Amino acid sequence: MTLRVSRRQFFKLGAAGMATSSMAMMGFAPDPAIASIRHFKLTGAKITRSNCTYCSVGCGVLIYARGDQAINNIDDIYHIEGDPDHPVSRGSLCPKGAGLLDYIRSDSRLRYPQVREAGSNEWKRISWDEAFDRIARYMKDDRDANFVTENDEGNTVNHWTTTGMLAASASTNETAYCTHKIARSLGMVAFDNQARV
Amino acid sequence: MSHAYGNAPTGIMHPPEVRLPDIEHFAHRARRLQDLAERNQPLGEFLTFMAQLATAQQVAMERFTPGWQPEPTAFVLALEHGMPPLNVQALQDVIDLPGEVDALLSALELHVGEAQRPLLTALRELPEQTGRQLARQVLAGEAGETHHRGLMPLVAAALQVAWLRLVHILPRTPERPQGELRALCPCCGSPPVASVIETDPKSSGVRYLQCGLCATQWYLERSICSVCEQSGKLDYLSLAPEAGDDDVSVAQAEACGDCGSYLKIFPRAVDAKAEPLADDLASLTLDLLLGEEGRYRRSGFNPLLIVED
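Top line first, the protein sequences correspond to chains A and B.
Each number in my numbering corresponds to the 1-based position in the first sequence with 42 added.
Each number in my numbering corresponds to the 1-based position in the second sequence with 3 added.
Don't read these hints as lab results, they were simulated from the structure.
Quick caveat, the model's predicted, so the values are computed rather than measured.
For glycine and all other residues, C-beta sits at the position ideal for the given N, C-alpha and C.
Accuracy of the hints is not assured; some may be wrong.
In silico DSSO-like cross-links for lysine-lysine, where the CA-CA straight-line distance does not exceed 27 Å [claimed, not checked]:
id: 1; chain 1: A; residue 1: 54; chain 2: A; residue 2: 83
id: 2; chain 1: B; residue 1: 276; chain 2: A; residue 2: 166
id: 3; chain 1: B; residue 1: 205; chain 2: A; residue 2: 88
id: 4; chain 1: B; residue 1: 276; chain 2: A; residue 2: 138
id: 5; chain 1: A; residue 1: 166; chain 2: A; residue 2: 182
id: 6; chain 1: A; residue 1: 138; chain 2: A; residue 2: 83
id: 7; chain 1: B; residue 1: 205; chain 2: B; residue 2: 276
id: 8; chain 1: B; residue 1: 205; chain 2: A; residue 2: 54
id: 9; chain 1: A; residue 1: 166; chain 2: A; residue 2: 88
id: 10; chain 1: A; residue 1: 83; chain 2: B; residue 2: 205
id: 11; chain 1: B; residue 1: 276; chain 2: A; residue 2: 83
id: 12; chain 1: A; residue 1: 88; chain 2: B; residue 2: 276
id: 13; chain 1: A; residue 1: 182; chain 2: A; residue 2: 223
Some chain B residues judged to face chain A by a derived CB distance under 8 Å, without partners named [what the hints assert, rightly or not]:
id: 14; residue: 62
id: 15; residue: 224
id: 16; residue: 296
id: 17; residue: 308
Reference listing, derived: stretches of chain A covered by chain B, where coverage requires no fewer than 3 residues with Cβ under 8 Å from a Cβ of chain B [what the hints assert, rightly or not]:
id: 18; region: 69-81
id: 19; region: 156-170
id: 20; region: 223-231
Next up, chain A with everything else stripped away, as it sits in the complex:
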């Protein structure tokens, strides 16, 4: 005999089918259950897989957000828990990871570029374009002034030691690749991807 694997079947379980359902045929009136649905409406939630950004372990997390497809509002995140399917962390989170929800909702969370000018004690909001322009300008000026092509023994070194870069801890492979390419091709040597902050 051939063994077939059962196919998953879909069906509509609606009020219309209840009159001929086994429940009705067994003598239980489905009407009260059908009537009760007008007391309710549906509410939706989404669960998104992500990584904790605190350290290089990169524990898996599940992020719960209210609303369905139509709503994509980051403030709607209401719960975060460890992802039990994650091969590294298996659902566990350290106290920092377990507090991620407060980190997302924190009043002092950095949401846009800010600058504190030399001599000032105030943070001023700037645009991303302005931020990139300023960073590029500072990097270029510093590199032009301090780039070293040869060391004392006359060996070619082509390095730049006066500026460093601290990148995110839980980057994807692709992000890490791009970050590395940018930093190293400028000759930058002080460079860390493990931000223990």
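Chain A is fixed; fit chain B onto it per the hints.
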């Protein structure tokens, strides 16, 4: 990691991938159904009857010895090759169905109300061939003929007992199903009734699918569709109670926008006693609302509630 001062928490290292049902499973389910019956006014009578049915299943399971027994080595080959050893199509015609039905009805008879008594008589008087036909329809997830539909959940209950018996004589626990079989029961190949998110320390936060027939539970990653394995368009839909209503339902529908199906999921963190099959019956309102809304179709297989499409 034990030492003189106790145990160091190790986290979940290797949660069990397949969990076979307890020998008392029907008794647990009966208690859960009775609890749910008391909380759920519109379905109270129905759930009370289902609790009586589950109690009768437990009695039948303990007292009856079926006329057909598998060979001691019958399941070795299937287990070795990762196929469901208790495949429903292979065994549906050889199990002692008349014996199982008779044992179940005898256990049920004393407790059943007047309105349901004719069902028991009708099922006893059914020719064996018709009974076998109903069993085949139940196991194939078909709705059968309208005039026999009231008998099908009773046949299904007898089948559940028969399969739970077989699960308990398996020489070992099967492995988690692979590939296309991933969402089918590793013991009997039936589809799941619903899934549950565990709070047990050994598998905290892990999701298990539960078989609609033999109640075996098996691992499936969280937040993916059990039918198409996509996760991009999954929504977790539940009932929003009216203000002032404090009886929050634990049931959520894991609804997939990619394949248009849903399967219920019960987080035990919300209700520690949730039992997928019992809670599935008790959350019929969620199905009805989703049915009216029309975006998703149900994939859960619950042979105790049979509805014509």
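The hints, checked one at a time:
1. Using a Cα cut-off of 27 Å, the hinted pair residue 54/A and residue 83/A holds, with the two alpha carbons roughly 18 Å apart.
2. With a CA separation close to 54 Å, the supplied pair residue 276/B and residue 166/A exceeds the 27 Å bound.
3. A distance of roughly 26 Å separates the Cα atoms of residue 205/B and residue 88/A; the hinted pair therefore holds under the 27 Å criterion.
4. Between the alpha carbons of residue 276/B and residue 138/A the distance comes to roughly 31 Å, so the proposed pair goes past 27 Å and is violated.
5. For the given pair, residue 166/A sits about 23 Å from residue 182/A by alpha-carbon distance, which is consistent with the 27 Å threshold.
6. The straight-line distance between the Cα atoms of residue 138/A and residue 83/A is roughly 36 Å, outside the 27 Å bound, and the hint therefore fails.
7. Between residue 205/B and residue 276/B the alpha-carbon distance is near 17 Å, which keeps this suggested pair within the 27 Å criterion.
8. Restraint check: the Cα-Cα separation between residue 205/B and residue 54/A comes to about 36 Å, which exceeds 27 Å; the hinted pair is violated.
9. Simply put, residue 166/A and residue 88/A have alpha-carbon atoms about 35 Å apart, too far for the 27 Å limit, and the pair is violated.
10. As the CA atoms of residue 83/A and residue 205/B are separated by approximately 36 Å, the hinted pair breaks the 27 Å bound.
11. Restraint check for residue 276/B and residue 83/A: satisfied, since their Cα atoms lie roughly 25 Å apart, inside the 27 Å limit.
12. Using a Cα cut-off of 27 Å, the hinted pair residue 88/A and residue 276/B holds, with the two alpha carbons roughly 24 Å apart.
13. A distance of roughly 17 Å separates the Cα atoms of residue 182/A and residue 223/A; the hinted pair therefore holds under the 27 Å criterion.
14. Taken as an interface hint, residue 62/B does not check out: its beta carbon lies about 20 Å from the nearest beta carbon of chain A, beyond 8 Å.
15. With a least beta-carbon distance of about 4 Å to chain A, the hint placing residue 224/B at the interface is held under the 8 Å criterion.
16. Taking 8 Å as the C-beta contact cut-off toward chain A, the hint placing residue 296/B at the interface holds, the least distance being around 7 Å.
17. Taken as an interface hint, residue 308/B checks out: its beta carbon lies about 6 Å from the nearest beta carbon of chain A, inside 8 Å.
18. With a cut-off of 8 Å between beta carbons, the region 69-81 of chain A has 9 residues touching chain B; three or more are needed, and the interface restraint holds.
19. Closer than 8 Å: that is the beta-carbon criterion, and the region 156-170 of chain A has 0 residues meeting it against chain B, so the requirement of 3 is violated.
20. Coverage of the region 223-231 of chain A by chain B is violated [criterion: at least 3 residues with CB-CB distance below 8 Å; count 0].
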